[in-house]
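**Q** As a plain string of letters, each chain reads:
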Amino acid sequence: MTEHPPGSPQDASRRDPALGLLDRLVRDALDQGYYDAAERRHDGGANEAWAGWAGSRRRLVAAGGLALIGLVLSVAAVQQSAGAPEAAQRKQDLAVAIEDSSARVDDLERQASAQIAEVERLRESALSSGAEGRVLQAEIGRLAPAVGTVDVTGPGVVVTVDDAPPDDEAIASGEPDLGRVLDRDLQVLVNGLWQAGAEAIDINGERLTSLTAIRGAGDAVLVNYRPLVRPYVVTAIGNPATLAADFSAGPGGVEMETLRQTYGVRYELRSQGRLTVPGKPGLSLRYAEEDIR
Amino acid sequence: MIAALGLVVGIVLGVLLQPVVPYWLQPYLPIAVVAALDAVFGAARALLEGVFDDRVFVVSFLSNVVVAALIVFLGDQLGVGAQLSTGVVVVFAVRIFANAAAIRRRLFKA
Numbered sequence: 001m002t003e004h005p006p007g008s009p010q011d012a013s014r015r016d017p018a019l020g021l022l023d024r025l026v027r028d029a030l031d032q033g034y035y036d037a038a039e040r041r042h043d044g045g046a047n048e049a050w051a052g053w054a055g056s057r058r059r060l061v062a063a064g065g066l067a068l069i070g071l072v073l074s075v076a077a078v079q080q081s082a083g084a085p086e087a088a089q090r091k092q093d094l095a096v097a098i099e100d101s102s103a104r105v106d107d108l109e110r111q112a113s114a115q116i117a118e119v120e121r122l123r124e125s126a127l128s129s130g131a132e133g134r135v136l137q138a139e140i141g142r143l144a145p146a147v148g149t150v151d152v153t154g155p156g157v158v159v160t161v162d163d164a165p166p167d168d169e170a171i172a173s174g175e176p177d178l179g180r181v182l183d184r185d186l187q188v189l190v191n192g193l194w195q196a197g198a199e200a201i202d203i204n205g206e207r208l209t210s211l212t213a214i215r216g217a218g219d220a221v222l223v224n225y226r227p228l229v230r231p232y233v234v235t236a237i238g239n240p241a242t243l244a245a246d247f248s249a250g251p252g253g254v255e256m257e258t259l260r261q262t263y264g265v266r267y268e269l270r271s272q273g274r275l276t277v278p279g280k281p282g283l284s285l286r287y288a289e290e291d292i293r
Numbered sequence: 294m295i296a297a298l299g300l301v302v303g304i305v306l307g308v309l310l311q312p313v314v315p316y317w318l319q320p321y322l323p324i325a326v327v328a329a330l331d332a333v334f335g336a337a338r339a340l341l342e343g344v345f346d347d348r349v350f351v352v353s354f355l356s357n358v359v360v361a362a363l364i365v366f367l368g369d370q371l372g373v374g375a376q377l378s379t380g381v382v383v384v385f386a387v388r389i390f391a392n393a394a395a396i397r398r399r400l401f402k403a
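Residue numbers (this note's numbering), protein chains in the order written: chain X, 1 to 293; chain C, 294 to 403.
One thing to keep in mind: the hints can contain errors.
Claimed, not checked - Here's a subset of chain C near chain X, in silico, CB distances under 8 Å, partners left out:
hint: 1; residue: L300
hint: 2; residue: P312
hint: 3; residue: Y316
hint: 4; residue: R348
Hints are computed from structural coordinates only; laboratory data are not their basis.
Only a predicted model underlies this, so the values are computations on that prediction, with no experimental measurement involved.
The C-beta atom is built at its ideal place from N, Cα and C for all residues, glycine as well.
With the sequences and hints as input, model every part of the structure.
**A** Have a look at this one:
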């Protein structure tokens, strides 16, 4: 039993080393030591110091080994069951911490916009005193809506997009959910709106300013570094006569229509007579300066 | 009989004492578990084949745990601990399967 007859398994191992390795693993699954020990016992040969040991003592050794094994298994089981609620608790703590932080960000943002409004009010009163100041004030009034720091109103379109209903079959088989709206889709959509002549755009109340990026972070889409919550409502102000039609016919509308038909993504476009796009106050350049020559 | 008692004693000890596994030892726990299962299945098969030997049982279990832990420790130091750990688990799992199959063949003749 200790020797393996030269048979087909060896041939297999010569053909493919990986196969041979697995083959050997299966064939030598039981420790060779057992067979050797049995052979020694069978031969009745002197079994070193072990031979002098009494049967009960040997059995005690085996019991000790099994006790050790039992200990390892139960410790692992205890460890596992103790760790599970702990992990859930940690997750819960993290969720609470995220909510707290979000609330604090909201609070600080409210404070910031109140102070920015105060600054604007003070600047206005300071500038309105002189002729030069009034020119600057007019300049600010002209640029602010375009840059995106103040609220603007006007006619335009509202585009609503949302993930397709989850495909249970795909999720069960572990495939990626293709019906999800990605940051790329929103970029295409927004670029299409700009192309169709939109003058001011926001997504879920986040104004797209000259410094805004639409990007994905994990499963979330960030605009102005704020994660968006589905559904995505894109509000665009522009020429009411042409904006909707130009967008639908342009690359943005075509892309969204394709997404709707191919993946079941929700996509709705409707014109509206009066829309408000909120401003994103506090926009300031820290490094770029006006080139005065 | 004594051996079975030993297994029960070990399990009861682990459940009652609930020892906290130190952090540095935790990566080796899964390896110890598969090595323990491998030893149990190997011993059961040896018993059925009539070649069981107490010393081989204890020594092979201990040495398997030590060698496996050593491999993983070395891997951890070299940055391939997770891969080596997987390899060790695969080797033990294949052995467990093979031994379980041998036990099944002997018990059920199928």
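**Q** For each hint, tell me whether it holds in the structure or not.
**A** Going through the hints against the structure:
Checking L300/C against chain X: minimum C-beta separation of about 4 Å stays under 8 Å; hint holds. The beta carbon of P312/C comes within 6 Å of a beta carbon in chain X, closer than 8 Å, and the hint placing it at the interface holds. Interface restraint check for Y316/C: the shortest CB-CB distance to chain X comes to about 12 Å, outside 8 Å, so the restraint is violated. This hint holds: R348/C has a C-beta 6 Å from the nearest C-beta of chain X, less than the 8 Å allowed.
Taken one by one, the earlier hints fail for this structure only at number 3.
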